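S.K.: With chain L fixed as given, assemble chain C onto it according to the hints.
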Amino acid sequence: MNLLKRYRFFIGTILLMIILLIMNQQVGLKALSVTGYSLKEMALVIPPIFILLGLLDIWVPRETMMKYMGEGSGVKGIILAVLLGSVAAGPLYGAFPIAAVFMKKGVKFTNILIFIGAWSTTKMPMFLFELSALGVSFATTRLLIDIPGIILIAYVLSTFISKDEINKIYQNAETM
Amino acid sequence: MLSNYILYIVTILLLVFSYSKDKEKTKKASKKAWKAFENILPQFLGVIMLVGMLLAVFNAELISKIIGTQSGWFGVILSALVGAITLIPGFVAFPTAAMLLQNGAGYMQIGAFVSTLMMVGVVTAPVEIKYFGKRLTIARNILAFLFSFIVAFIIGKVVGGI
Chain L
1 MNLLKRYRFF IGTILLMIIL LIMNQQVGLK ALSVTGYSLK EMALVIPPIF
51 ILLGLLDIWV PRETMMKYMG EGSGVKGIIL AVLLGSVAAG PLYGAFPIAA
101 VFMKKGVKFT NILIFIGAWS TTKMPMFLFE LSALGVSFAT TRLLIDIPGI
151 ILIAYVLSTF ISKDEINKIY QNAETM
Chain C
177 MLSNYILYIV TILLLVFSYS KDKEKTKKAS KKAWKAFENI LPQFLGVIML
227 VGMLLAVFNA ELISKIIGTQ SGWFGVILSA LVGAITLIPG FVAFPTAAML
277 LQNGAGYMQI GAFVSTLMMV GVVTAPVEIK YFGKRLTIAR NILAFLFSFI
327 VAFIIGKVVG GI
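Chains L and C supply the protein sequences, listed in that same order.
Oh and the first sequence: position 138 is 138 in the numbering used here, straight run, nothing missing.
Oh and the second sequence: position 65 is 241 in the numbering used here, straight run, nothing missing.
Please note that a few of the clues may not be correct.
If we take Cβ atoms under 7 Å as the criterion, some of the chain L residues that face chain C in the derived model are [stated by the list, open to error]:
#1 Arg6
#2 Ile19
#3 Leu52
#4 Leu55
#5 Ile58
#6 Pro61
#7 Gly72
#8 Gly74
#9 Ala89
#10 Phe96
#11 Phe129
#12 Glu130
#13 Leu134
#14 Thr141
Listed below are the simulated PhoX-like cross-link pairs for lysine-lysine, each with C-alpha atoms no more than 25 Å apart in a straight line [said to hold, decoys possible]:
#15 C:Lys310 / L:Lys168
#16 L:Lys105 / C:Lys333
#17 C:Lys211 / C:Lys310
#18 C:Lys241 / L:Lys104
#19 C:Lys241 / L:Lys105
#20 L:Lys40 / C:Lys306
Covered by chain C, according to a simulated footprint, are these stretches of chain L (three or more residues, beta-carbon under 8 Å) [unchecked claim]:
#21 64-70
#22 97-110
#23 115-123
#24 144-150
#25 159-171
These aren't lab readings, by the way, just hints derived from the structure by calculation.
Fair warning: this is a prediction, and the values are worked out from it, not measured in the lab.
For every residue, glycine included, the Cβ atom is placed at its ideal position computed from N, Cα and C.
So that you can see chain L by itself, here it is in the shape it has in the complex (with noise of 0.2 Å):
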């Protein structure tokens, strides 16, 4: 019953693929193929990440994170912050799990936005490949302008939550 339960969001997408095979089996099979494919690429990034946060979980000592992008890390914590989000492989969900790691070891949280910020938009690897794509001035410009932003973001976002809902979100981190 429980197991239902925690699928249930699996199980939803699961009857919406059948409803697409029968309503269109073309763009069906092709939704099909597509997650088959995510599913290797998934099943290829996420392993060493999670093995990773384990052992980042394990050997790193809460007082060593939370010096360098703990409460009062300042500048510091910041630039890591940006390093740790910008030098990240696979898709942003991945990011998530590794936040509440940080999470668990006291890591400040405007901090922990800007690493998902950071995960999300200035990933090296995919900077390398927008500048090939898209050319120097549109990657590079996007480049400066989201480093501040997503600091901006972070900052504006931690004004909005209350103190209480971040010890919740805290909290809630330990039991993953």
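M.R.: Just chain C now, with coordinates in the frame of chain L:
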């Protein structure tokens, strides 16, 4: 892709190093990794199915129909919306964007499209909500969406010379 190889090499090296230092801790780390993975797996699977369906419906042809022929802020808004709901891997997205440019889409539209594509995740929201809760997820995505218009505007000015 090269970045995947680097990711694997770094992970394997760290794992071997960890194992040589402390077997027990490494086992514990692997257990944590598995638990974290198992915990989010249902959301991952659902998101991947949604992405598959969206990509089949919103293919490059349809996208270029939507934004290739439009211009101005209306086109920018449409491009931003298309980018926000789809989730295309970068190595597909950038060549697609380049193709759209060749087909007559403006830099401003492409700027909005690329920006929301990467920063806004409507289909990945179920994963984000599990970690950050509904309110923060919605707020982050809305802010990123609005920010993409600034990106589009500046890219239009700098690259497009509007």
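S.K.: For each hint, tell me whether it holds in the structure or not.
M.R.: We went through each hint and held it up to the structure:
Interface hint at arginine 6 of chain L: satisfied, since its Cβ lies 5 Å from the closest Cβ of chain C, which is below the 7 Å cut-off. Interface hint at isoleucine 19 of chain L: violated, since its Cβ lies 10 Å from the closest Cβ of chain C, which is beyond the 7 Å cut-off. A hinted interface residue such as leucine 52 of chain L counts as satisfied when its beta carbon comes closer than 7 Å to some beta carbon of chain C; here the least separation is about 6 Å, so the hint holds. Hint status for leucine 55 of chain L: holds, given a least beta-carbon distance of 5 Å to chain C, under 7 Å.
Interface restraint check: isoleucine 58 of chain L against chain C, minimum CB-CB distance 4 Å, threshold 7 Å, status holds. Evaluation of the proline 61 of chain L hint against chain C yields a violated restraint, the C-beta minimum of about 12 Å exceeding 7 Å. Given the 7 Å rule on beta carbons, the hint for glycine 72 of chain L is violated: about 23 Å separates it from the nearest Cβ of chain C. Given hint, glycine 74 of chain L at the interface with chain C, is violated; its Cβ is 23 Å from that chain's nearest Cβ, farther than 7 Å.
A distance limit of 7 Å between C-beta atoms decides the matter here; for alanine 89 of chain L the minimum to chain C is near 4 Å, and the interface restraint holds. Given hint, phenylalanine 96 of chain L at the interface with chain C, holds; its Cβ is 4 Å from that chain's nearest Cβ, closer than 7 Å. Interface restraint check for phenylalanine 129 of chain L: the shortest CB-CB distance to chain C comes to about 5 Å, inside 7 Å, so the restraint holds. Interface restraint check: glutamate 130 of chain L against chain C, minimum CB-CB distance 5 Å, threshold 7 Å, status holds.
Below 7 Å, beta-carbon pairs count as interface contacts, and leucine 134 of chain L has one with chain C at about 6 Å; its hint therefore holds. For threonine 141 of chain L, the shortest C-beta to C-beta distance to chain C is roughly 5 Å, which falls under 7 Å, so the interface hint holds. A threshold of 25 Å between alpha carbons decides the hint, and for lysine 310 of chain C with lysine 168 of chain L the separation of about 12 Å falls inside it, so the pair holds. Distance hint between lysine 105 of chain L and lysine 333 of chain C is unfulfilled; the C-alpha atoms sit about 42 Å from each other, more than 25 Å.
For the given pair, lysine 211 of chain C sits about 23 Å from lysine 310 of chain C by alpha-carbon distance, which is consistent with the 25 Å threshold. Among the hinted pairs, lysine 241 of chain C with lysine 104 of chain L is inconsistent with the structure: their alpha-carbon atoms are about 46 Å apart, more than 25 Å. Restraint check for lysine 241 of chain C and lysine 105 of chain L: not satisfied, since their Cα atoms lie roughly 47 Å apart, outside the 25 Å limit. With a CA separation close to 23 Å, the supplied pair lysine 40 of chain L and lysine 306 of chain C stays within the 25 Å bound.
Coverage of the region 64-70 of chain L by chain C is violated in this model, with 0 residues showing a Cβ closer than 8 Å to a Cβ of that chain against a need of three. With a threshold of 8 Å between beta carbons, the proposed coverage of the region 97-110 of chain L by chain C holds, since 4 of its residues qualify and at least three are required. Coverage of a stretch by a chain is defined here by at least three residues with a beta carbon nearer than 8 Å to that chain's beta carbons; for the region 115-123 of chain L and chain C the count is 5, and the condition holds. Coverage of a stretch by a chain is defined here by at least three residues with a beta carbon nearer than 8 Å to that chain's beta carbons; for the region 144-150 of chain L and chain C the count is 3, and the condition holds.
Counting residues of the region 159-171 of chain L whose C-beta sits closer than 8 Å to any C-beta of chain C gives 5, which meets the bar of three, so the coverage hint holds.
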